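Put together the whole structure using the sequences plus the hints.
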Amino acid sequence: MITLADFMIVSAVLFCTGMFIIVSKKNSIQILIGVELMLNAAILNLVAFGKYDRINNSGQMFALFAIVLAAATTAVALAIILNVYKQYKTIDPDKIKQLKD
Amino acid sequence: MNILTLLIFTPVLFGLIILLLPSSIRASFKYIALLATLLQLGFSIWMYLNFKTGAAYAGINHEEQFQFVQKLPWISLDLGGAGKMQIEYFVGIDGISVTLLVMTSLVLVIAAIASWEITSNLKGFFALFLLLDMAVVGVFCALDFFLFYTFYELMLLPLYFLIGMWGGARREYAAIKFFLYTLFGSVFMLLVMVGLYLSVKDPVTGNHTFNMVQMMNPKNYIDGSVFSILSHQTILGMPARTVGFVVLFIAFAIKVPVVPLHTWLPDAHVEAPTPVSIILAGILLKIGGYGIIRICSGIFPDVAYSGAYWLGLLGVISILYGAFNALAQRDLKRMIAYSSVSHMGFVLLGIASQTAEGISGAVLQMVSHGFLSTMLFFLVGVIYNRVHDRDIYNFRGLGTLMPKYTVYVMVAFFASLGLPGFSAFVAEAFSLAGAFKSHNVNGLLPYWMAVCGSVGILLSAAYFLWTLQRMFFGTVSLKGGDIWKIALTDINWRETLALLPLALIALVLGVMPSLVLGKINDSVLALVQFTQTVFHR
Amino acid sequence: MSKALPYQDIQTIYFAIAAVVLPFAAFVINFLFLGKSKLSGWVSTLAILVSSVLAAIIFTRVWNVQQIHVKQIWFRIGDSYLYTGILLNNLSVLMLGLVSVIALPVHIYSTAYMKDDAGYSRYFQYLSFFCFSMLALVVMDNLILLYAFWELVGFSSYLLIGFWFDRANAVQANKKAFIINRIGDIGLLTAIIILFNQYQTFDIERLFKEGGLIASSTIKNGLWISADIQTPVIWQYIACIGIFLGVAAKSAQFPLHTWLPDAMEGPTSVSALIHAATMVAAGVFLLGRVYPLFNPAELTTLAVIGCFTAFMAATIALTQNDLKRILAYSTISQLGYMVMAMGIGAYATSLFHLVTHAFFKCLLFLSAGIVIHQIKHIKEDNNLDIDPQDIANMGGLRKKLPLTFIATLIGGLALIGLPLTSGYLSKEGILITTYEWAQGKGDMMLLVPLFAFFTSCLTAFYVARMLLKVFFGDLNLQFLNPEIKIHIGDGGWRYKAPLVFLALCSLFPFFSFNPFLHEETWLLYGFSAYNSKSVFDIMHIAIPVLVNGASLLIIYYAYMIYMKRSTIVLPQSGLLYRLSFNEWYIDRFYNRVVVKFVLVLSDMAFWFDRKVIDGFVNLLEKIGVFTAGIASWFDRYIVDGILHLSAVIVQAIGGFARRFQNGKVQYYLFSMLLAVIVVFILKILIWN
Amino acid sequence: MSIVQVLFYFMGLITLASALTVAISKNLVRSIFMFFITLFALAVLYVLALADFVAVTQIVIYVGGILVLILFAFMLSGKEALAAAQLQSNRFISLSNLPALLLALLFLVVMINVIFKADVSNLQWIKEANGVKNVIGSNESMINNIGINLMTRYLLPFEAISVLLMVALVGAAHLSRREGTRI
Amino acid sequence: MKYLFPDISNQLSNALGSIPFFMPEIYITVLFVLVIVTDLLFGKTSARLCRTIACAGMVVVIFKDLQQFEQILSGGHFLFGSMLLLHRTAIVFKLVIDLLSFILLLYFAWDHRLKAHKKGLSDLYTIVVGSVLGLHLMIMAVNLLSIYLAIEFVSLASYLLVAYRSENAFSTEAGLKYVLFGAASSAVMLYGISLLYGFGGTLDLFSGHMAERLAQVNTISVSFAIVLVLAGIGFKLSFVPVHFWVPDVYEGAATPVTAYLSTLPKIAAFALLVNFVTPFVFYDHWKGFDFRLVLSAIGILTMIAGNFAAVLQSNVKRMLAYSGIGHTGFALMALVTFTPQGLSALTYYLLMYGLANIAALALANYFENAEGITDVRDYKGLGFKYPLASVCFVVVLISLTGLPVSAGFTGKLFVFSAVYSVYQQNHDVWLLALLITGALTTVVSLFYYIKVPLNLFLKRTELIVSENKWSYNLVILSTVIAIALIVFGIFPDLLIKYM
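Protein chains in written order, with our numbering: chain A, 136 to 236; chain B, 3 to 539; chain C, -8 to 679; chain D, 11 to 193; chain E, 158 to 656.
Worth double-checking, as some hints may not be accurate.
Stated by the list, open to error - Here are some chain B residues pointing at chain C (derived, C-beta under 8 Å):
| no. | residue |
| --- | --- |
| 1 | Ala57 |
| 2 | Ala58 |
| 3 | Ile394 |
| 4 | Tyr395 |
| 5 | Phe432 |
| 6 | Leu434 |
| 7 | Phe475 |
| 8 | Ser516 |
FYI, nobody ran anything at the bench for these hints, they're computed from the structure.
Owing to the predicted nature of the structure, the values given are computational and were not obtained by experimental measurement.
Ideal placement from N, C-alpha and C gives every residue a C-beta, glycine not left out.
Below is the structure:
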């Protein structure tokens, strides 16, 4: 039997990996991938708990919606990244810093 | 139409007219403004003449004893569990306000006359001037704390712009300093005001109320509320009522100004144009004193009683400190500004004594200083307009060049330094007498405070006489040479028109202080009695 | 009027009011209508003439007859009422008469003396205003109004000293006079407030009459007890000190006497009226008014100070070369006598000396005025660069100004106190009483009569010196520049008549028909209540003889020095000489120490204001900006703050902070996440 | 240890390993492909959590949609981006990454703590769910269930997300199209 | 599957029954479709038409909102199986949102720079109208799913709006930062939600199980989940410490978009936060995560950080961005009262903040249009050149500062009195700290607000020779708002009694 804690630990590690990626990588697309990892960690949690919610099916439904939303967000984000690339010829967020204090 | 309402809102009406008139007839704006202030003066004199005196009209903590009252519901909100919020348009006057109102109206007329010197952007100036006019008059009439606060804050902005746009070289600095200082005081006043409002219930309607008169009655406080007298609540470990008093006092002390909260004043005065200096010194400082009398000691008499020593101490420090500073100045306007600090110290000392003599003296001092500082600043304005210089060292022997002007200067100076025959003498003498008496009557102030206060009178002689000697006497010698000599013409009829009434009033009040005292006596006695009996022992 | 009075008394009161108000009316008329007119002098003179007639009538009605006191409510403050009223008793009618009678000749004299001055009208405005204040001062029935006019007297004196306001010295002098007077005023005001606090009234009669409030209050166990108030006794002392300060300032007692010599910058006629005869006497008058307040110890102090002042001023007068300054110091000296007399309880004698002194000192000043005026003529006629008041330039004027000479001589002799003059009567009275008073009070106290006696000798010397230098010998000016033209004379009747009048008043018959016994002076009987009863003994003969003998010797001695110039030469460089010539350095001390101190103090206050208080505000502002900086720093470098805690990764932070510069989104993310987790951890830690 | 458990641990390991490779990899293309593996492994984990439909959706949308989109974007952003990606520092534990690593570790520690503190296996609602048999059986398909729920209980989100996708479509199209041209 | 059947009809009738209560949102959806169709049909020239339709539609929506008041006389309604909660406050919030979005829809085209955007504005209107639906959902959401969905909805629209001017580097940069930050925080939030779901076993906040079950779980664990969720909500609210994106994004976005960002999502997020905390705060046995403490602390920090940081700014938009952060902190003060009075003060305050902020940005926009300046130091002496606009600016800033007589002041007063009355009952020192900080930061806020009138009027004009590119519309808009602010300042009960 797979315990819930197992799922959660996997998801926690995944979440932290994603977090590491978003703060350390120097490429907007990689950051996006990091975000996706974090989202997937959350989805894994939802799915794991969803097992005990047969009637409402909340966990799995939420997971579905989350996946769709992630897709939409990614699409928009990529469109923006491409625009940034057009303007700055780079997608390194560190180099895109005209707006600052 | 209620006369007070008329008094308050007449200027705004004229202000709107000025705003709507085309700028092409800007030359007439000053006449419109003057007309507005004259009209106001007429109203206030009518009120003064029709003001009834006697113990039945003492005011202070009896709502029915106020006169010319108008009370309209303004903001009334049902707040569910927290009861109803009751804010009223509630104006009315008692003895203390009526004299200050007449003084204010007259000073405003003088300020309007002094506005002749303004040449740029007349529409804006007079619109702001009249807005300020409304606010200051409103402050003296309001009996609803919310209304009071609204008028109180409403003064800030016009003044900011009046100083900032028409002021001298360092006007921005002065304007901001003034603004921040006073805002600092008033923002915290807002907190106390809200606290009071939530602590007090109108006995008739059972709602929370901003009515200041109700706030003076200990029975109206809800049990267990923050400012309730019986429940001894604390805020951050300090007694709540003390905190409330201190906060309010700081707000008003900034206006008065009391050392060490005074540093905005010299800057603001020096940089402000003459009419604004006049309003600042003549009226605004009195709002501080009025607030301390009506609100600080009216609503927190117990704290005013226990803290009287510190109030008196601050008063004495202000007197001496202001005088010493005035002695060190070489800018005429700055010197007068510091002299205001010194003179207003007497007000604080008188109030702190909590004796009839002291408080009457304080009110009289406010009225008297209102006229005298107006006169002084007007006089500085005269010379500044002619040569755009105010440095005492740059003039000598003006007495020969401008004899009539010198006469007025001497009248103003000697009146200010407390020469008998002028109003300041009676006021200062009785502030001191009150301060001295307080030890025996209520044991609040030690004797030495009165003695130290009288040293302030001595010092005021020193700086005024020094200035007279340095600037007006001796052989003519001016920094600007012959150009100045030509520019420094004696005062014209318009200036005389402004100065003569002031000089006469200073004299008349000195000979017949009953003109003021007759109106305030009942209120002052009621206040003294109220503060001594209602809240303690 | 408060209560029904007999018709005649009401009339008297109206007369008194008229006597006081007339000069004021003259002032107003002059001020408003007679700005440039020469008529103004006569308006003022007329006013004072009527005043003096009225004063004389009042005097006859009140003197030793009755006391009239009326009062009316002035205003109410709180629940206490303030009254204004008139109190006519022996003291006030005496002063009323004295002031108006002295003022009249001065007015007449002034119309001539000031006729060429541009400020003629202004002068008479001031003069009338002064007369008004002074007359009002003496008749007022309560302390607060007394104080008011007390200060107005000072104010008019200020105006008159600075009459020539374009002269720097005059302006300096009037400022000094006013400020020193202000010191006294403050003392007086404090004293009045203390009395008000103690007795709840300002009414002089209620306070000081026999069996009045003062008399019925006691000092016990360090408490000053009156009907309903008890205060520590120190406040009684302070009240006395306050009153003494007032007296000292007005009557030029040590240490507040320095303004009087400087006040001579005003016109000489002004000096005659104000700074010799009337205003300076106001202090003594005040002492007379509040006399019951003082207890014996305080009176003794008063006597000592008076004696010291008299002595000091006399020594200074010895070496002065300015004619008016000599007279000024002599005035101080005589005022010292009066105060001393008050102190020793010779109330009546003191007032008697006040009156006699008023006449002869006024006479002396008016004469001096003529002398100076004439010297000035010489100066202007010949374009000389000299000080017209310097007695070194004078001499031999006896023949040119005969009337003036005689007047001065009478005045001088009265000042010395030689028999047949009024001065003899009053001065001997003081000296005798002083001696009697000192007996039985220990040896120390004998110093007082001794010094008084010595002062008298000094007086003889400097008066003789002055007279000799001015009127005897030859005109020094002519001696130095032989070719100068001299056309001088006593002047018209407006000069002469006042001199004659005053000279007559300075002789004995005006006061007593017995030229040698002061006890028989009518004036003394007016104040019998206060006067110490003295037994007529040998000393009453011995002291006058001794004093006058000494005086005559000294006059001879002076004659030898200044006329013969042969026998004795006085040292001109000794310590004593310098002390005297520099007026005991008191003024310099004030300038160097007191004034400097105040100025430094005020500069310090201003410095404090700018640097500390404003600095504090600026500091707050800086703190504000700094806090703002922190906030934005917190925004930017939040990591630093927290990561610095762990020393292990200090190195990393440098590179890290460099990487995560402004405007980097990852930096923001990092900050956010870190903040979230740190806040969480902190919360957990606090929680448990 | 059942076969399911072994599979779970194995797939969990693969998921985490591939995710870490994504994090470590200096090569962008490689990291994208490792991400691909992660997603697949996750899908298996979903299946193990008895969420078959979610797993399918994961593969269809993530792998088929998002990943392809990312690849396209990556291609479109050209060689410079590729070159820049290559230039990243070679070491995983470089000083510059240290704070990020510490942050992640900090989070991990806290989260592990949270998970164990919560004692998820003994949560009350899970016990209740076990009690009323509100647990998905290992042989049940949830597809029907999801379908019904989507049209009843989750009708609102379902409809709302359509508007959302429309907005995203309009916006993304607007951003990506060239100036002056229409779709 | 079978066990679901009995419930289906129930569920369906619930959904159908909810529709009457869902009319405004349906109208918005219809409006959205209309705008999108117009956009497609008329192509590039459609912007004007789209705008007209959108504005007209918003009026209808507002009308529909008003109608809802009658529907909830008997109390709140759960819609769509507890996905949404329609209650009085929600309607008020929706009205505020719709009113402000109406103003914004008018405003977008008045920015010269946005108008010059080559790809046209019609897509913008589509996105905005769509986002209003998201905002409505956000206001009413009481289910973790609907909360997440609504937040994502609004975020997505916001990303698009920020990055809308794709040819502008600033705009895209801001978009990038916003989207990365937003995606990350939504991931964090989702993780928090997943934990909440895991610990509580339900997505429905108001079901009664949620708080009860969470109360039994270890508080540290629950707190962690709540903190993560709050971080996500805070991203929309822009409170400390999730405010980092605000200044950059506000500065980079087109000014009307800044106006949008600084008001609508923020106001809606407040409604969301209220809904989120309500079940926990009012659950009697709730222990552990102290919402009042945490939100108070956040409020204090936010006020301080926002206001103090704003002092250093000279770019008007950046300054307003920081000040917006400060205002969030202040509004949080009203929220932590958790009383109806506090709630009405909150709505009033937010409406006044929204109006004033839109007007302030519109005026900043006006000067940007007219003189091409964004730095407050360049405003020198313009007060005499553009008197009406400058006076309006002053009035608006007075209101933002909270001085009488302005609506900002009454708003502040209501907030203070709400907090005070709670303080009076429980003597919570945090509330006192909030009050003091609120007062103190008001003074601080003057430091930067005053810069505008200072430069406009007090600094002497350096003769700027440039033609006047008048944009009357903006002045009219801000004048109307300024007058409204003054009127509501004098007669606040015209409005507050409905709040």
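So, going through the hints one by one against the coordinates:
1. Ala57: With a minimum Cβ separation of about 11 Å from chain C (threshold 8 Å), the hint on B:Ala57 is violated.
2. Ala58: violated (16 Å)
3. Ile394: Given a least distance of 14 Å, the restraint on B:Ile394 is violated.
4. Tyr395: violated (15 Å)
5. Phe432: Holds, because the Cβ-Cβ distance from B:Phe432 to chain C comes to roughly 6 Å (cut-off 8 Å).
6. Leu434: It holds, given that the least Cβ distance between B:Leu434 and chain C is near 6 Å, below 8 Å.
7. Phe475: holds (4 Å)
8. Ser516: holds (4 Å)
Going through the hint list in order, the structure does not satisfy hints 1, 2, 3, 4.
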